[in-house]
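A.B. asks: Using the hints provided, position chains B, C and D relative to the given structure of chain A.
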Amino acid sequence: MIFVVSFLVVLMLVGAVAASIFRDLISAVIAAALVSLIASILFYFLQAPDVAMAEAAIGAALTAAIFIIAIRRTKRYEE
Amino acid sequence: MRRAISIFLLIIVTVGISMSLAKIPFGVPKTKVGRHYINEGVKETGATNIVTSVVVSYRGFDTLGEVTVLFIAAIGLGAILSTVRNKTVKEIEPASLVLYTGCRLLFPLILIFGTYIFIHGHLTPGGGFQGGAIIASGFLLIYLGCRERRISRIASNLAESLGGLIFVVIGLLGLVFGGYFLLNFLPKGTANTLFSAGIIPIIYIAIGFKVGSELASIIDNLIEES
Amino acid sequence: MVNPVLLIAVPLGLAFAIPLFALFWKDAAKYIPPAALGFNLVVSLLLLPKVLENPVIVSISGWRPPFCINLVAGPVGVLFSAIIALIGLLVSIYALDYIREGATERYHILYLLLLTGATGVVLTGDIFNLFVFFEILCISSYALVAYTADKAGFESAIKYLIQGAVGSSLLLIGIGLLYGLFGTLNMADIAQNIKSVSPISVFVPMALIVTGLGVEAAIFPLNAWLPDAHSSAPSSISAILSGIAIEVGLYAVARVIFTIFGAQSILPFLAFLGILTLLVGEMCAFSQNNIKRMLAYSSIGQIGLILFALAIATSYGVTGGLFQLISHTLAKALLFLAVGYMIYRAGSLEISALEGMGKKMPLTCLAFAIGAFSLVGLPPFIGFPSKFLVVRAALATKETIFIVLIGLALLGTVIEGAYFFRVVQVLYFKGEKPNPPKKDAPVVALVPMFIFVVLIVIIGIYPKLVTDVLNSAASELLNRLDYIRSVLG
Amino acid sequence: MSFLHSYAYYIGAFGLIFIGLYVILTKHNLIKVIIGLGILDTGVNLFLISVGYITKGTAPIFSRPGIDSEDMVDPVPQALVLTAIVIGVAVLALALSLAIRLYQHYGTLNLRKIREQRW
Numbered sequence: 001m002i003f004v005v006s007f008l009v010v011l012m013l014v015g016a017v018a019a020s021i022f023r024d025l026i027s028a029v030i031a032a033a034l035v036s037l038i039a040s041i042l043f044y045f046l047q048a049p050d051v052a053m054a055e056a057a058i059g060a061a062l063t064a065a066i067f068i069i070a071i072r073r074t075k076r077y078e079e
Numbered sequence: 080m081r082r083a084i085s086i087f088l089l090i091i092v093t094v095g096i097s098m099s100l101a102k103i104p105f106g107v108p109k110t111k112v113g114r115h116y117i118n119e120g121v122k123e124t125g126a127t128n129i130v131t132s133v134v135v136s137y138r139g140f141d142t143l144g145e146v147t148v149l150f151i152a153a154i155g156l157g158a159i160l161s162t163v164r165n166k167t168v169k170e171i172e173p174a175s176l177v178l179y180t181g182c183r184l185l186f187p188l189i190l191i192f193g194t195y196i197f198i199h200g201h202l203t204p205g206g207g208f209q210g211g212a213i214i215a216s217g218f219l220l221i222y223l224g225c226r227e228r229r230i231s232r233i234a235s236n237l238a239e240s241l242g243g244l245i246f247v248v249i250g251l252l253g254l255v256f257g258g259y260f261l262l263n264f265l266p267k268g269t270a271n272t273l274f275s276a277g278i279i280p281i282i283y284i285a286i287g288f289k290v291g292s293e294l295a296s297i298i299d300n301l302i303e304e305s
Numbered sequence: 306m307v308n309p310v311l312l313i314a315v316p317l318g319l320a321f322a323i324p325l326f327a328l329f330w331k332d333a334a335k336y337i338p339p340a341a342l343g344f345n346l347v348v349s350l351l352l353l354p355k356v357l358e359n360p361v362i363v364s365i366s367g368w369r370p371p372f373c374i375n376l377v378a379g380p381v382g383v384l385f386s387a388i389i390a391l392i393g394l395l396v397s398i399y400a401l402d403y404i405r406e407g408a409t410e411r412y413h414i415l416y417l418l419l420l421t422g423a424t425g426v427v428l429t430g431d432i433f434n435l436f437v438f439f440e441i442l443c444i445s446s447y448a449l450v451a452y453t454a455d456k457a458g459f460e461s462a463i464k465y466l467i468q469g470a471v472g473s474s475l476l477l478i479g480i481g482l483l484y485g486l487f488g489t490l491n492m493a494d495i496a497q498n499i500k501s502v503s504p505i506s507v508f509v510p511m512a513l514i515v516t517g518l519g520v521e522a523a524i525f526p527l528n529a530w531l532p533d534a535h536s537s538a539p540s541s542i543s544a545i546l547s548g549i550a551i552e553v554g555l556y557a558v559a560r561v562i563f564t565i566f567g568a569q570s571i572l573p574f575l576a577f578l579g580i581l582t583l584l585v586g587e588m589c590a591f592s593q594n595n596i597k598r599m600l601a602y603s604s605i606g607q608i609g610l611i612l613f614a615l616a617i618a619t620s621y622g623v624t625g626g627l628f629q630l631i632s633h634t635l636a637k638a639l640l641f642l643a644v645g646y647m648i649y650r651a652g653s654l655e656i657s658a659l660e661g662m663g664k665k666m667p668l669t670c671l672a673f674a675i676g677a678f679s680l681v682g683l684p685p686f687i688g689f690p691s692k693f694l695v696v697r698a699a700l701a702t703k704e705t706i707f708i709v710l711i712g713l714a715l716l717g718t719v720i721e722g723a724y725f726f727r728v729v730q731v732l733y734f735k736g737e738k739p740n741p742p743k744k745d746a747p748v749v750a751l752v753p754m755f756i757f758v759v760l761i762v763i764i765g766i767y768p769k770l771v772t773d774v775l776n777s778a779a780s781e782l783l784n785r786l787d788y789i790r791s792v793l794g
Numbered sequence: 795m796s797f798l799h800s801y802a803y804y805i806g807a808f809g810l811i812f813i814g815l816y817v818i819l820t821k822h823n824l825i826k827v828i829i830g831l832g833i834l835d836t837g838v839n840l841f842l843i844s845v846g847y848i849t850k851g852t853a854p855i856f857s858r859p860g861i862d863s864e865d866m867v868d869p870v871p872q873a874l875v876l877t878a879i880v881i882g883v884a885v886l887a888l889a890l891s892l893a894i895r896l897y898q899h900y901g902t903l904n905l906r907k908i909r910e911q912r913w
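Line by line, the protein sequences are chains A, B, C and D.
Residues in the first sequence are numbered from 1 upward in steps of one, following our numbering.
Residues in the second sequence are numbered from 80 upward in steps of one, following our numbering.
Residues in the third sequence are numbered from 306 upward in steps of one, following our numbering.
Residues in the fourth sequence are numbered from 795 upward in steps of one, following our numbering.
By construction, these hints were calculated from the structure, which means they are not laboratory data.
Any given hint could be a false lead.
Derived DSS-like pairs (lysine-lysine); straight-line CA-CA distance at most 30 Å [to be verified]:
| # | chain 1 | residue 1 | chain 2 | residue 2 |
| --- | --- | --- | --- | --- |
| 1 | B | Lys122 | B | Lys109 |
| 2 | C | Lys456 | A | Lys75 |
| 3 | C | Lys769 | C | Lys355 |
| 4 | B | Lys111 | C | Lys500 |
| 5 | D | Lys821 | C | Lys456 |
| 6 | C | Lys500 | B | Lys109 |
| 7 | D | Lys821 | A | Lys75 |
A few chain D residues that don't get close to chain A, going by computed Cβ distances all over 12 Å [claimed, not checked]:
| # | residue |
| --- | --- |
| 8 | Arg858 |
| 9 | Pro859 |
| 10 | Gly860 |
| 11 | Arg909 |
Ideal placement from N, C-alpha and C gives every residue a C-beta, glycine not left out.
Chain A extracted, bound-state conformation (with noise of 0.2 Å):
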């Protein structure tokens, strides 16, 4: 179990780094939304169900929705 979670963790943090270091801003938002959806996943391990519902409902899914449309407006690589 330990080890699954430190395997997240670790994963998350990776995705986190890499919402950083991407110039694509699209691949750095599905970077970010990872992120998300890990978190709700530990959410679940640490018994805090409503909140993992939440996170993935919220945090991954429509956050990254509003990130990509909003992007779609704008510009789509950082200079």
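C.D. replies: Chains B, C and D alone, transformed into the frame defined by chain A:
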């Protein structure tokens, strides 16, 4: 240079926080308020999901503030983006038939699922926020799949206003009947049945509609072609 | 028995109802905020005599604290809510004519919610609830700063938003640490147990919370957003941001430091920060050519003085700080309202463009001059007794550091006088045209300004009107044991 | 091993907070900064939830009879985080709408180039 300074600052912050974390060990019970909610929650509010009873009843005032925050975001977003709406009807490429039909088939199912989530908020995990977000994602699907469809702005405004008003009015009714704002003045019923927990399901349904319509109108405002 | 929860619930309900009313009656959005704030003013004034004897503690949802959220309507809370309602009412009357373009209905909703958030912050007795109301206040001001819909508005709004969001994240981390340490979120309950943990582990949450709140309170290193946001918002919003938002931030800082943490040891540091804020603000204000930026920097200076006075932490000091806070609120709101129509007529924000306004808009300029004189601290206006009280409090401590710092504060006042007199001189004694056409601000805008002037003069001549309330407010802030006892019973 | 057991979640939470603040402080692209705000929010939420966890605890829901209430994790942080998530998404949406308007005015999202006003 700027990078070095910010890393330095951040390290100070992190070290400071980890110093005080030493007093907050992981996995050890440390709360007195939460313990009270767990022991007395079902008896006092009639909701078997303690998180729901905390969100709607014990800390219901926070929740009122929270739906207000979302309301502000929806209104503010409308105010910020309002002047760009020059109705240039661009030729939108229609979605393929499969996508169109699929979205139209899925949409009612998603709505039912979201409704289920917030009606059962006091029994199972989930509630107004989660259900509302699921409903909003249904609308997102419609925007993406069936591009020419739009929700009626008046209907979404109506849902936002009515949801908020129901919350406040129920709170004020508690004040009238029992002298406390947001008092659970309805009978609690038997725990673990759908019709139990007094005002909690009613408030969660109001929140569900409000959150759903607010998130949908946020998406609607953002997606509007400029 | 009037319940303090009405102060929050009724405006909130009315704000939710505005879109509904607007379906039947187009102008409803315009008139609901004054009505709601008038209601709040009446309720606050009804509560005031009662809470001077005993604070009214109301629990939400009917359980006893600390197991539910409670409102603490003590002298401080009700005094602040009365000020918020008064300023809000007057500014919303002014906005009836001033706000004409853009999404006016949304403007009025956001405006009412901003003031409701501020009322919630000053009344609540629960630290996470304070965070939620603080977010209501902040998020609606982000949206309102961008209301002018020009480049500068969006830019300063995004600056404000990013700094504010980082600040509130730090605040939330601090609250999480406090919850981990004490297992409760009720402020009185935390205050009761604060001595049971070592001061070092309490210091980090305190630093995080004060930093988070300090962003909104515009304490020196954290106030980079303020001049931009205050100068590019519509003038009615600048009046509210300068007159209420930062004061509410300061209230939250004072409440956290005095009541929750009872931290005597960091007060000299805060006094020092206050004077630093004051000097930075006044120096920057002196070098501005843009009149609204000048007023914004002057707000920073005044906030510094108030922070200094509160950090003296004697009965005199806190009374003086609260008095200075009221005098700044009234004077600065008046100044922004007057400036709003002046720049509207002049078509420019530059001070030099206002030449000869004294003849074109005599009443508005008179209001501006009175506000400026009051802010500098000339008798017979409200600024004089308040500054006098602060100076007397600093001298009464007989500690060298406070006396040196108040000397620096007086230096700041001199700078303040210099730049305000320069503007007044431009208004009245520059400009060649002998008899320009007179076109004053509309009556709807002049009435609130007139009421501000009357308040400034009356309280200036007869400060006894407010000092009793201020004294008991100061004693509420200083006696944390009484606070704890009255909440937890 | 026991170190991981007691600190894995804290490390994750503060790692996210650290990365989020770093992105906000050093990046120049506005959308990137807003992504940083989102990561910061997630980190704070994870921290709050891990404060309320109890080793081998169960979710605070009496879904079937016979659950031992002694083992339940603290419901209060979960309620707080529900609030915090919604507030976070509200701020992000507002920030993105401002970014869209800034892009329409300036044609860029680079914060270094968007600088009309100075001290």
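A.B. asks: Are any of the numbered hints broken by this structure? If so, which, sorted upward?
C.D. replies: none
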